[in-house]
Amino acid sequence: MDVARIIATFARIGILNELQYRANFFFQVLESAIGLATALIGLGLVFRHTTVLAGWTPPELLVVMGIYGVMIGIVQAVIQPNMLRLAQDVLEGKLDYALTKPVDAQLLISIREWQVWRFTNAIAGLLVIGWALLWMQASVRLEQIIAFGAAVLCGVIAIYSFWLILATTSFWVIQIESLINLFEGLFAAGRWPVSIYPSWLRALLTFLVPVAFAVTVPAEALTNRLTGSTLALAAGVALGLFVIARLFFRWGLSRYSGASA
Amino acid sequence: MSAHIPAIIVRDLVKTYEVPERDPGLLAAIRSLFRRRVRAIHAVSGVSFTIQPGEVVGFLGPNGAGKTTTLKMLTGLLHPTSGEALVFGYVPARREPAFLRRITLVMGNRNQLQWDLPALDSFELIRAIYRLPPAEFRATRDELIDLLEVGDLVRKPVRNLSLGERMKMEIIGALLHRPQALFLDEPTLGLDVTMQRRIRAFVAEYNRRTGATVLLTSHYMADVEALCRRVIVIHHGRVLFDGPLSALVDQFAAYRKLIVTLAESGADLKGFGEVLAHDGLRYTLRVPKAMAPAITARLLAEAPVADLMVEEPPIDDVIEQVFAVGTPR
Chain P
1 MDVARIIATF
11 ARIGILNELQ
21 YRANFFFQVL
31 ESAIGLATAL
41 IGLGLVFRHT
51 TVLAGWTPPE
61 LLVVMGIYGV
71 MIGIVQAVIQ
81 PNMLRLAQDV
91 LEGKLDYALT
101 KPVDAQLLIS
111 IREWQVWRFT
121 NAIAGLLVIG
131 WALLWMQASV
141 RLEQIIAFGA
151 AVLCGVIAIY
161 SFWLILATTS
171 FWVIQIESLI
181 NLFEGLFAAG
191 RWPVSIYPSW
201 LRALLTFLVP
211 VAFAVTVPAE
221 ALTNRLTGST
231 LALAAGVALG
241 LFVIARLFFR
251 WGLSRYSGAS
261 A
Chain Z
1 MSAHIPAIIV
11 RDLVKTYEVP
21 ERDPGLLAAI
31 RSLFRRRVRA
41 IHAVSGVSFT
51 IQPGEVVGFL
61 GPNGAGKTTT
71 LKMLTGLLHP
81 TSGEALVFGY
91 VPARREPAFL
101 RRITLVMGNR
111 NQLQWDLPAL
121 DSFELIRAIY
131 RLPPAEFRAT
141 RDELIDLLEV
151 GDLVRKPVRN
161 LSLGERMKME
171 IIGALLHRPQ
181 ALFLDEPTLG
191 LDVTMQRRIR
201 AFVAEYNRRT
211 GATVLLTSHY
221 MADVEALCRR
231 VIVIHHGRVL
241 FDGPLSALVD
251 QFAAYRKLIV
261 TLAESGADLK
271 GFGEVLAHDG
281 LRYTLRVPKA
291 MAPAITARLL
301 AEAPVADLMV
311 EEPPIDDVIE
321 QVFAVGTPR
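One line per chain: the protein sequences are P and Z, in this order. Per UniProt numbering, residue 1 is the first one in the first sequence, and the count goes up by one each step. Per UniProt numbering, residue 1 is the first one in the second sequence, and the count goes up by one each step.
Bound-form chain Z, shown alone:
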């Protein structure tokens, strides 16, 4: 695979679901038995992007934005209504075995391991499904067990493992066939912070070792910040932003935070901006991004300023704002 051929190409991808709809009540229910009214839900409406081999891309968006639907179209689970998706040159919806061998899907809210058996038994099942040569299978398995530091846990019935331990097993199971593209849908869902960090470190290490392409959705910005140099923000089924994380903050953060420490009391900073916090001589102000330089200059000129810091808002706030507004400013 040449580095110049993209791993994933998505062009004008559209997915429209038809959902039955009816008014509440018995009569309406009976009526709908005979005449079903359907409403079209535009889950994904014209998404385009290209991902190069080895890239780790964060896929962001609020619930219902179309992230999972896009992921499902890229893994061949859903047929696109229109548009085109290519993964390593394959059309996912055809579900060709050669394609399926090169990808993997991990969903934080689903499990595929046998509940009552040790994970090792489930791994054997996966070996049979992918027809992995025994030596190669054992080497990969032991490497993954090592990397995730799960040791003897693979011999315990899965039902006796903690949520985080179980997720690690799921990840091992999903990677035994050495896929070249990882589709991770909320892989850290519900895990505690330490476990999230471990999984994150693992994904980064796996990407570094194997050069696999990773497309990741997560609600936890920490995941995205730690792993993804590039993010694609999707909202109402459309791409709002595609680029480096830092540019996202630049583009969408409409406000700056000014943290001002005064040399003496008595001054009132209400006239300079919205006061978010006030603690003795220390003020936290929120000002529109465009006006930040002017306000800073005015503060320095007109108030007894001992110290002044300009802060970008945390990425979480920026994302929240992006979703709330829905259009770039």
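One chain only, chain P, in its complex shape:
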């Protein structure tokens, strides 16, 4: 498939680029380790006071944390760098070359940057999930894994679409940094299952910043909580957000005028 080939080529070039900065790898491993340790200490503190949090046991919460790590890893490695570059290119009128290529513009602007070292967060997240599953001594069924995979995919699509909408606003708004900080603040709430939050915040985290679908739903898949209707809703939200993001991006593109040389 052509799309897969183009993505693979860009990923390869991205990795080649990152290999030039090996020091980044070590810093990233350190950062991931510190992030993980902080999160685990936080979790430990909570469970010195209680054993169950809104129906979630300690190992189950560990699953949530692991998935949060996986998501944040993907966001930081591919989604966020590409969207920041888009916003910057729009601001500086540097989108010209991307738009004169015979490839879908949205695809092209979404795969140009690969900060591969950031995937260490995702790997750490997977290890945490594995550890949690061992702790629970749960036997995970195949359909659970499939549902988990589907939920993660929906989550990634939802987060990507949300980011694209955010970055597309740069066709109108000049600075999107504050929006990005807002996103990161809200997304950090995804370390915990959304059911522990008050309903207004839960609504915000479900439909405005799709943290619930990105983190909590995949966690539900691994902890025997997921219902078919929730997964269908997650798929619907992912698809809907994607369509909205695509239309919005195209509208933004038609407003692009580029900085005059």
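In case anyone wonders, no lab produced these hints; they're calculated from the structure. Treat the hints loosely; a few may be bogus.
Unchecked claim - Computed from the model, here is a short list of chain P residues facing chain Z with C-beta under 7 angstroms: (1) R5; (2) I6; (3) Q20; (4) N24; (5) L36; (6) A37; (7) L40; (8) I41; (9) Y97; (10) T100; (11) V103; (12) Q106; (13) R202.
A virtual CB, placed ideally from N, CA and C, is assigned to each residue, including glycine.
Position chain Z relative to chain P; hints supplied.
Frame of chain P; chain Z shown alone:
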């Protein structure tokens, strides 16, 4: 593609930008948060021309004349406010892949190559984007590397190349898909004279080999003189002149230079025209074009002339004058 179908057709092309505007100061800034005042900028106001396949056309005009805006409309980056542009029969703003495969855009002030990697890696990326068959890709790449004489430079990280070397790489990257129309926006910007000449020679050779249509903007008249038999002069968003370079000089040069060498000193030539230079017996005079024959005759009759030459002003001066005046005389 038949030679009788123009490569580029532009009819009454208009582009108007709306630019937010406000008075200086904090209060005005706050007010503009709520009520934005916009001013219309007429970047291009009714441009028309036709370019045949294989033509190399120079697009001239001062900064802000509308050159880049027109180029961007022809490459599909900007939607025209009104009017029509057709490139090989395609409407550029629709950005159809079949159209984009046939054109290329090179901007002297932008780069698309990966900064930290050798250009060869970036070329691979371009190969994937254009889905070029490997054999054809390699043949084109090696031909271009040969033509531009860059050899092993393609293996060095782009960041380690000089500005001129980098521009050569950009050009190779822009031509790997063998485009039939080249839009070159200031391709020699900032390059030294030798490098400008090399790029120029390359564009000429590429045009000769492939028959590609070339539309070029440049601040360097030498580029235009060397490459373009035809020039389109644009100013304040309108076409001022469209024709051969020589006709431009004819039409716009309002003055002639008379270089007079006298046989003996003592004569004063101030009465014949404006004295631009005076060195011993040699005078350089500037006279209005229409009066040049009469003044020449008078000089020969009234002064002890040993030698007399009539010169057209250099093209740079003519262009400068065109832009300064803005209307043909």
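Non-conforming hints, listed in increasing numerical order:
As far as the earlier hints go, 4, 5, 6, 7, 8, 12, 13 are violated by this structure, in ascending order.
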